[in-house]
Amino acid sequence: MDSGVSELFGGCCRPMGGGNGGALRGRAGSGSGSGGGSSRGRKKNGRHRGGKANNPPYLPPEAEDGNIEYKLKLVNPSQYRFEHLVTQMKWRLQEGRGEAVYQIGVEDNGLLVGLSEEEMRASLKTLRRMAEKVGADITVLREREVDYDSDIPRKITEVLVRKVPDNQQFLDLRVAVLGNVDSGKSTLLGVLTQGELDNGRGRARLNLFRHLHEIQSGRTSSISFEILGFNSKGEVVNYSDSRTAEEICESSSKMITFIDLAGHHKYLKTTIFGLTSYCPDFAMLVVSANTGIAGTTREHLGLAMALKVPFFIVISKVDLCSKATVERTVKQLERILKQPGCNKLPLLVTSDDDAVTAAQQFAQSPNITPIFTLSSVSGDNLDHLKVFLNILPPLTNSKEQEELMQQLTEFQVDEIYTVPEVGTVVGGTLSSGICREGDNLVVGPTDDGKFLQLKVCSMQRNRSACRVLRAGQAATLALGHFDRSLLRKDKLRTGEKAVVCFRFIKHPEYLKIGAKLLFREGVTKGIGHVTYIQAITIEENGLDQGLSSDLVNF
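Per the working numbering, the very first residue in the sequence shown carries number -5; after that it's consecutive.
Keep in mind that the hints are not guaranteed to be accurate.
[Claimed, not checked] Restraint-style ranges between C-beta atoms, simulated for each label pair: (1) ARG138 / ARG75: 53 to 61 Å; (2) LYS500 / LYS332: 30 to 38 Å; (3) ASP141 / ARG329: 49 to 57 Å.
[Unchecked claim] With a Cα cut of at most 20 Å, we get these calculated EDC-like pairs of lysine to aspartate or glutamate: (4) LYS302 / ASP313; (5) LYS227 / GLU126; (6) LYS380 / ASP346; (7) LYS444 / GLU404; (8) LYS84 / ASP59.
No wet-lab data here; the hints were simulated from the structure. Note that the structure is predicted; figures quoted are calculated from it, not measured. For each residue, glycine too, the CB sits at the ideal point set by N, CA and C.
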């Protein structure tokens, strides 16, 4: 990408070149008249205006899909044009599952033209009218002057458009929290979700612990869930101004569900269970500035990479050490991220502007790894992380979400509870389809291989009641007085046995009954004996006695 764009959008947070790092385009024909740059506008305002415009700063051209829209200007559009712009905004919000980003002062081909102060004010007024029409709010993310061939100052503005919460269908992103023991994971979550800084002795984390021994040791041993909301204007919604999780959900257009995982090595199985079962969208690796990469940090990093969970890094406790120590930890992380096994591009976030750029780049490129340095005690740079989480878009677009919702309903059971006066409750993720309160489903298989009918009595998302659950959303389902002993989690524990069927994905192999078989894929390993082989007749040479394995059971 041109160095002018790097300087314009994020400075040190833009080492990438070209590609789709900036913004994505809308439909053809959307940029004409007052709504955007037409071909005539490009000719007038493009490369042919003067000496400085011979090498003008560009963003990548807009894409057909996605939730990012370029508009040259939105000044006094006609009623017909206004309705067209509103329809276009609905499309962008649908693509972003309730969020869209508008780049004002940018032509369709990505040329950063900029607008005068008066034109920008009129464009933002029109954009606000459009948002009100679709039930959304707008928030100015950043403004920058552009060095375009003009006698008057010109600037471009990046605006977040977000739907007002409607019927509990807020955008929900799940973030798994990883890191070595005593790295400050639970303390950071306590500060984010409670809205109060830590006292330096772990007060902020007390509300997150679920067991007495966790409070006594100060170490997480189980999986806990914490929520952080953002309203339609991008403001933080947490327990500092809401008493219950239900109030947070009602006030939020976007929810971040943190999955707090254990950092101690003896709880590694619990950590792996959280990473695999709860299907996190992202992972946040917390590293203590004063100890650096220690303990299970490398192992957690390897798990995130093996499971292909996009991750960003938070260096905590910067108040406890010198600036040189923090820089040493940053460089240590950068070396590891750049190694051939990782091949990541670290981005150090030092401002809110960097945080906006990092959020957009992070979701668009799997190689980007944002790095934050902050303190949960002094609050230094904590706002950068909040800005990042506020802007962070979902990984799946509306088309993929729609395809999943059209499939058969399938809910993966990860947790089983017995709640007084409610009965059996299961927690997990809706893998596909749509689930409604009162639906009749089947659960299984039981130990004898049967599936049993049950009814979904009620549902909750983030501890708040909901009536409709869509694919990809995590929830708890109340099943009434269904016999809990008939249910089990969709996982095997140490000492448990099961018959598993495997299929070779590349080509068949010759195996015999009783032969040992060992396989490895990423961090998954297995060893056992072949007990059954499906026979395949070889007809090419007139042979029919050959056996080739297609299915192998352990």
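Here's how the hints hold up against the structure:
no. : hint                        : verdict
1   : ARG138 / ARG75: 53 to 61 Å  : violated (27 Å)
2   : LYS500 / LYS332: 30 to 38 Å : holds (31 Å)
3   : ASP141 / ARG329: 49 to 57 Å : violated (36 Å)
4   : LYS302 / ASP313             : violated (32 Å)
5   : LYS227 / GLU126             : holds (12 Å)
6   : LYS380 / ASP346             : holds (9 Å)
7   : LYS444 / GLU404             : holds (16 Å)
8   : LYS84 / ASP59               : holds (13 Å)
The earlier numbered hints that this structure contradicts are 1, 3 and 4.
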